[in-house]
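Chemist: Residues per chain, in single letters:
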Amino acid sequence: MPAVFDAQRAKDIIDAHLALEGPLLPILHAFVEEFGFVDDAAVPQIADALNITRAEVHGVLTFYHDFRREPAGRHILKICRAEACQARGCESVADHCLADLGVDWHGTTADGAITVEPVYCLGLCANGPSALFDDEPIAELTADKLVGVIEEADAA
Amino acid sequence: MTRIFVPRDVVALALGANKVAAAILENAKARGADVTIVRNGSRGMFFLEPLIEVETPAGRIAYGPVSAQDVSSLFDAGFLNGGAHALRIGRPEEHPYLKRQTRLTFARCGITDPLSLDDYAAHEGWLGLKRAIEIGSAAIVEEITKSGLRGRGGAAFPTGIKWKTVADTKADRKYVVCNADEGDSGTFADRMVLEDDPFMLIEGMTISAIAVGASKGYVYCRSEYPHAVKAFNAALDLARAAGYLGKDILGSGHAFDIELRVGAGAYVCGEETALLESLEGGRGMVRAKPPLPAIHGLFQRPTVINNVLSFAAAPFILAHGAKAYADFGMGRSRGTMPLQLAGNIRYGGLFETAFGLTLGEIVEDIGGGTASGRPVRAVQCGGPLGAYFPPALFETPFDYEAFAAKDGLIGHGGIVVFDDTVDMMAMARFAMEFCAIESCGKCTPCRIGSTRGQEVIDKIFDGVDVDANISLLEDLCQTMKFGSLCALGGFAPYPVMSALRHYPEDFRPRTAAVAAE
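For the record, the sequence lines run as chains A and B.
Per our numbering: the first sequence = residues 1 to 156.
Per our numbering: the second sequence = residues 1001 to 1517.
It should be emphasised that the hints constitute simulated quantities derived from the structure, not laboratory data.
Note that this is a predicted model, so its numbers are computed, not measured.
The beta-carbon is built from N, C-alpha and C at its ideal position, and this holds for glycine as well.
There are no misleading hints in this set.
Quick list of in silico lysine-lysine cross-link-like pairs, DSS-like style, CA-CA up to 30 Å:
{"hint": "1", "chain 1": "B", "residue 1": "K1146", "chain 2": "B", "residue 2": "K1170"}
{"hint": "2", "chain 1": "B", "residue 1": "K1164", "chain 2": "B", "residue 2": "K1289"}
{"hint": "3", "chain 1": "B", "residue 1": "K1230", "chain 2": "A", "residue 2": "K11"}
{"hint": "4", "chain 1": "B", "residue 1": "K1146", "chain 2": "B", "residue 2": "K1216"}
{"hint": "5", "chain 1": "B", "residue 1": "K1216", "chain 2": "A", "residue 2": "K11"}
{"hint": "6", "chain 1": "B", "residue 1": "K1146", "chain 2": "B", "residue 2": "K1406"}
{"hint": "7", "chain 1": "B", "residue 1": "K1130", "chain 2": "B", "residue 2": "K1230"}
{"hint": "8", "chain 1": "B", "residue 1": "K1164", "chain 2": "B", "residue 2": "K1130"}
{"hint": "9", "chain 1": "B", "residue 1": "K1230", "chain 2": "A", "residue 2": "K145"}
{"hint": "10", "chain 1": "B", "residue 1": "K1323", "chain 2": "B", "residue 2": "K1146"}
{"hint": "11", "chain 1": "B", "residue 1": "K1019", "chain 2": "A", "residue 2": "K145"}
If you only want the chain A side, here are some residues facing chain B, beta carbon under 8 Å, derived:
{"hint": "12", "residue": "E21"}
{"hint": "13", "residue": "H29"}
{"hint": "14", "residue": "G123"}
{"hint": "15", "residue": "N127"}
Please model the entire structure based on the sequences and the hints provided.
Modeler: Pasting the structure below:
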């Protein structure tokens, strides 16, 4: 469960990774895992610990799609938009799902439950359209199927 | 006790395999049947997933595609003894889709429990590594070179030459890096190795480490594959505990360990130098070559960087000898290629075969044409940067050189089928859009060219100077192809140019038509 940013917890995460070669990406992943996003306050802290500039940390943080800089919804839905899923009609399915949720790409539903992100290939290319709801893979995605997955997640 | 195999591959999971496994246990309990569930890998017949198998005295009998609702009727039909049922497939190895394949790399896939060291050892596991330890560095490189293995990531560079360069370069430490950043749409073979036969990759990388004298290995896996990440990490722990990784591998005196690193959603990190930058903790910016990674690679040390499938081919080559591998294939394309049949295709999945089948045989014969039942209109080979082939080119044999001769590439072996509803101008625009989203920004043709490409296609769409803008698009493609630093900008023109060449009728103004509707 995403926690509120906490400088001490952040320090512990950084320290746990210092023995790695090239620790920056693992640290940023760990921040997203722990807090749900990488708070701006973490940037100087990481830079200081790794003895690199804040600009370098910022550069890496902003280069990769995965490193979120603001909180997301409680669940993240990634819908594949790559060619193999396009060949199986993902665009119209995605439009339908987005309309049902009342959001656009990268948007979060009004109740803060779900953030929807595009993804380019989940390796489910013979069974598309495909999606990932948190870590739950979905093949042959339809708007109805998505409703079922969301209901199941809410019930759990 | 009856063993029932329910795949743990993410395709099976995405189609409800966990619910099927739970339903089997529930039914067995209610009926007092003594069953154990083995979570095996996938056979790669994705049109039949979840494909469950029951161990009977007559061999394993498969049923698929099974949903949780079918389980009760399977018990009623006596499936524990291989009983008849509408979903009964029979012996999986007799299924034409598997029977026609030549499975060298994927020989174990779907048969074994991917996280069972006993299963792996019982199915020729570690034989290649043991022989590698026996024959030593120079002889390993010799075997790989003679096998004719070429990099399976897409660039098709001879693997033996790469390994020899690293072996011959002196340094205080060397690395073996596995590129598992399988970002191409329509490909999943790397993912299947990581999830369904991870020890094979560990064995292949260890063979490479012994060949070149490396002590540390990294696998860089994309974050879009969370299940593969979990499976491979579990396999690393098991292999380490059993002495297949560590300070003294199988008592040989060689020290080698592997660490899994997870990407962060950047397609360009599949390019080898961008991947190395990312591993070092930087932005995934492409490096200029030379220097080659084999000489100045990860942390400026000599580095073998190969695709998952290249490493995965090594255990077979070492265990059976270079000739056994090179005997398959045609021309300069030796051995087998795991084809990945994807998109709008009836029989999608993994199909490992020797090089040389024609594209038409692959799509129509093996793949069964489209899933929608409509005519095939286009086949994109080699991922988002690969060319679109029309049925008129279906005679092209699947071989690196033959594809290059038709201005295409086989890349990582992904084959994505589209039916006649596809809009090829939209696909061309998507190629430019994708390149713009994923460009690392280092070189101008890719960074600016991809955005200009989208704009030019939009103008054609809007009916602005159509002929002049088509010429401009062709010109832009040439600039990107020859002026980009890496394959992202350099190959993004392939889908665009092939769409223009083979489907010129799609490149026409649309706004008027839309307005008229």
